[in-house]
Amino acid sequence: MRSELVRASRRRTSHRTLFVSLLLLLLTGLVAGQTAPSPQQKQAAQGAMHPAWSPDGKWIAFVKVGPRENILRLVSVENSRQIELWKTTGYVRMPAWSPKGDRIVFASQGKIRIIPASGGEPTVIAQPAGPNDSPAWSPDGDRIAYESSVPGGRYDDLHIYVTSLSRGTAEAVITNKGWNAMPAWSRNGCCLFYVHSVGMSFSQIHRFDLGTRTSQQITNVTDTHYQPTPSPNGRFLAFATTRRLYLLDLRSQRRRSLNCTDGWSSRPSWSPDGKSIAVEVGAGHHKIITCEIATRKIKTLAK
Numbered sequence: 001m002r003s004e005l006v007r008a009s010r011r012r013t014s015h016r017t018l019f020v021s022l023l024l025l026l027l028t029g030l031v032a033g034q035t036a037p038s039p040q041q042k043q044a045a046q047g048a049m050h051p052a053w054s055p056d057g058k059w060i061a062f063v064k065v066g067p068r069e070n071i072l073r074l075v076s077v078e079n080s081r082q083i084e085l086w087k088t089t090g091y092v093r094m095p096a097w098s099p100k101g102d103r104i105v106f107a108s109q110g111k112i113r114i115i116p117a118s119g120g121e122p123t124v125i126a127q128p129a130g131p132n133d134s135p136a137w138s139p140d141g142d143r144i145a146y147e148s149s150v151p152g153g154r155y156d157d158l159h160i161y162v163t164s165l166s167r168g169t170a171e172a173v174i175t176n177k178g179w180n181a182m183p184a185w186s187r188n189g190c191c192l193f194y195v196h197s198v199g200m201s202f203s204q205i206h207r208f209d210l211g212t213r214t215s216q217q218i219t220n221v222t223d224t225h226y227q228p229t230p231s232p233n234g235r236f237l238a239f240a241t242t243r244r245l246y247l248l249d250l251r252s253q254r255r256r257s258l259n260c261t262d263g264w265s266s267r268p269s270w271s272p273d274g275k276s277i278a279v280e281v282g283a284g285h286h287k288i289i290t291c292e293i294a295t296r297k298i299k300t301l302a303k
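According to the working numbering, the sequence shown is numbered sequentially starting from 1.
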């Protein structure tokens with residue numbers, strides 16, 4: 001009995017240590033977002049990251065992280081042809097498409113920016129001082145949700161804001177104590193899925209109703225959960241843990257593994273027809289693949 005308790009304690013300690021490491025990795029870009037990444041940060045992870053599938057299904061936006069600069073690119077799902085949209089010596093993170101597919105929102109150097117899908121100079125939206133990260137575009141095309149560092153708070157104190165593009169105003173909508181991050185819109189635009197944790201607890205996925213201003217916890221498993229991504233029909237939720245990717249049926253609450261590869265994978269992005277998912281895989285040097293959910297057929301698009 002004592003040995004089982006010791007093993008359980010060690011598992012919790014290991015998961016919490018990994019959770020803190022993930023927090024630090026995710027927030028390094030926020031804290032250091034106002035300057036160019038250090039050589040150590042550049043070498044920590046390079047390659048193709050942060051996939052986002054376009055509404056027409058033809059392109060995937062992603063970030064090419066290199067030793068000297070970071071580039072926002074598009075890659076063709078059909079033939080892997082790439083188009084460069086914008087590059088900087090600072091951070092570029094988490095692109096997301098507008099519902100019409102004509103614009104892309106992303107985070108760079110602590111700010112949320114929008115760029116035409118055809119390229120050009122990005123514009124900065126109305127937002128708090130931040131640093132800000134993980135933008136998500138609403139289905140109606142007018143609102144952008146994102147996480148923002150709490151002024152004077154700890155590294156893991158994050159609130160979730162929503163900026164109205166038509167009004168040019170930013171509102172804090174999720175201000176629970178602790179880590180509130182990685183917002184994703186429900187398909188009807190009424191709710192935000194996000195991850196939440198306090199202190200050393202495992203982060204779990206919650207759903208926030210923008211009408212009633214109430215939150216409901218969706219997952220409750222002893223593991224760190226992050227990057228919730230609703231399916232196009234709204235029934236399933238893809239998300240990552242420290243171990244693998246999962247699909248959660250929001251009706252039955254049943255979940256199943258979605259590992260298309262051996263090893264670590266993250267940042268799921270659905271194809272518009274809901275049949276495939278683009279994910280970031282690898283450690284050290286990352287790449288982007290697509291995976292057919294039914295057949296597990298894999299295609300590498302960018303490295």
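Keep in mind that a hint or two might mislead.
[Claimed, not checked] Okay, derived cross-link-like pairs now, BS3-like style, lysine-lysine, Cα gap no bigger than 25 Å in a straight line:
| hint | residue 1 | residue 2 |
| --- | --- | --- |
| 1 | K177 | K275 |
| 2 | K299 | K275 |
| 3 | K111 | K275 |
| 4 | K58 | K100 |
| 5 | K297 | K87 |
| 6 | K100 | K87 |
| 7 | K303 | K287 |
| 8 | K87 | K287 |
| 9 | K299 | K111 |
| 10 | K58 | K297 |
| 11 | K87 | K111 |
| 12 | K275 | K287 |
| 13 | K275 | K87 |
| 14 | K100 | K275 |
[Unchecked claim] Simulated restraints, written as ranges between beta carbons of each label pair:
| hint | residue 1 | residue 2 | range |
| --- | --- | --- | --- |
| 15 | N79 | R256 | 16 to 22 Å |
| 16 | T261 | V221 | 30 to 36 Å |
| 17 | T123 | E292 | 35 to 41 Å |
| 18 | A45 | V221 | 25 to 31 Å |
| 19 | Q216 | R256 | 19 to 25 Å |
| 20 | Y155 | R187 | 14 to 20 Å |
| 21 | V221 | R154 | 22 to 28 Å |
| 22 | N259 | R154 | 18 to 24 Å |
| 23 | T214 | G152 | 38 to 44 Å |
| 24 | G189 | D102 | 17 to 23 Å |
| 25 | D157 | G211 | 34 to 40 Å |
| 26 | V221 | N176 | 17 to 23 Å |
| 27 | G189 | N259 | 28 to 34 Å |
If you're looking for bench data, these hints aren't it; they were derived computationally from the structure. For every residue, glycine included, the Cβ atom is placed at its ideal position computed from N, Cα and C.
| message | Run through the hints listed earlier and report the numbers of any the structure violates, in increasing order. | response | Checked against the structure, the hints that fail are numbers 1, 3, 5, 9, 13, 15, 16, 20, 22, 23, 25, while the rest are satisfied.
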